[in-house]
Amino acid sequence: MLVVDDEPQIVRALRINLSARGYSVLTAHDGTTALKAAAEGKPDVVVLDLGLPDVDGTEVIAGLRGWTSVPIIVLSARTDSSDKVEALDAGADDYVTKPFGMDELLARLRAAVRRSAVAEGEDAVVETASFTVDLAAKKVLREGEEVHLTPTEWGLLEILARNRGRLVAQKQLLQEVWGPQYAKETHYLRVYLAQLRRKLEPEPSHPRHLVTEPGMGYRFEL
2 MLVVDDEPQI VRALRINLSA RGYSVLTAHD GTTALKAAAE GKPDVVVLDL GLPDVDGTEV
62 IAGLRGWTSV PIIVLSARTD SSDKVEALDA GADDYVTKPF GMDELLARLR AAVRRSAVAE
122 GEDAVVETAS FTVDLAAKKV LREGEEVHLT PTEWGLLEIL ARNRGRLVAQ KQLLQEVWGP
182 QYAKETHYLR VYLAQLRRKL EPEPSHPRHL VTEPGMGYRF EL
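Here the numbering used here is used: the sequence shown runs in plain steps of one and ends on residue 223.
Since the hints were derived computationally from the structure, they do not count as laboratory data. Only a predicted model underlies this, so the values are computations on that prediction, with no experimental measurement involved. Glycine residues also receive a C-beta, built at the ideal position from the N, C-alpha and C atoms. Treat each hint with caution, since some may be false.
Between beta-carbon pairs, the in silico distance windows are [what the hints assert, rightly or not]: (1) 139 to 55: 23 to 31 Å; (2) 144 to 56: 37 to 45 Å; (3) 7 to 82: 35 to 43 Å; (4) 83 to 18: 42 to 50 Å; (5) 31 to 145: 39 to 47 Å; (6) 185 to 7: 17 to 25 Å; (7) 206 to 16: 35 to 43 Å; (8) 55 to 83: 37 to 45 Å.
The whole structure should be built from the sequences, with the hints applied where relevant.
So this is what it looks like as structure tokens:
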């Protein structure tokens with residue numbers, strides 16, 4: 002794992018907590034060093050601050066995405082939604098705001114590593130009868146046209162597509178997309194699944210691909 006932050010106390014706290022849980026931790030205090038460390042150390046996951054002294058964190062994300070699909074979790078004091086969207090659009094997998102709870106960050110890390118492990122060796126393109134999901138490019142095509150999804154909509158669809166054919170529990174979706182503190186907010190899922198169905202399903206009121214398993218979760222069917 003690579004931790005990139007210019008605040009020594011945060012780097013120290015993360016190194017102690019992560020090492021205690023069995024992670025091997027590399028650290029960097031600026032973007033240039035981070036890119037070099039990632040190339041040499043091949044970390045399984047990157048925890049990245051956006052406010053670095055030499056380059057902006059989004060440039061580091063773009064640099065990493067030029068050659069690796071390693072999960073990137075942004076850890077930043079920036080709370081503006083435009084900063085979050087910019088980081089996610091650049092290729093980040095998740096966004097945690099400072100100050101943060103260590104338990105939440107660890108849960109996000111586990112989820113990111115788990116998704117990455119599932120992704121290895123799988124088909125990058127998932128084709129349904131109605132639309133195509135390109136997991137590598139983070140794009141959805143319907144009738145040859147790209148469908149615009151919000152970062153949250155994409156997060157939900159990506160988890161479901163990677164687990165296609167399998168039931169994904171409500172709690173798992175809520176924790177991986179929104180975080181542990183949202184594990185009971187099932188109305189979030191109803192709202193966002195309805196939005197996805199309107200954009201992707203031929204008959205949104207009778208979904209064929211984004212299927213609800215009442216009281217349990219959701220299933221992605223081809």
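Structure-based check of each hint:
Against the hinted window of 23 to 31 Å, the Cβ-Cβ separation of residue 139 and residue 55 comes to about 27 Å, which satisfies the hint. Between residue 144 and residue 56, the C-beta spacing of about 40 Å keeps the proposed range 37 to 45 Å intact. The hint said 35 to 43 Å for the Cβ distance between residue 7 and residue 82, and at roughly 24 Å that hint is violated. At about 30 Å, the beta-carbon gap between residue 83 and residue 18 misses the expected band of 42 to 50 Å.
In this structure the hint that residue 31 and residue 145 lie 39 to 47 Å apart at CB holds, the actual value being about 43 Å. For residue 185 and residue 7, the hinted distance range of 17 to 25 Å is not satisfied, since their beta carbons lie about 36 Å from each other. Evaluation of the 35 to 43 Å hint for residue 206 and residue 16 yields a failure: the beta carbon distance comes to about 51 Å. Here the CB-CB span from residue 55 to residue 83 is close to 22 Å, at odds with the stated 37 to 45 Å.
Comparing the model with each earlier hint shows violations of hints 3, 4, 6, 7 and 8; every other hint is respected.
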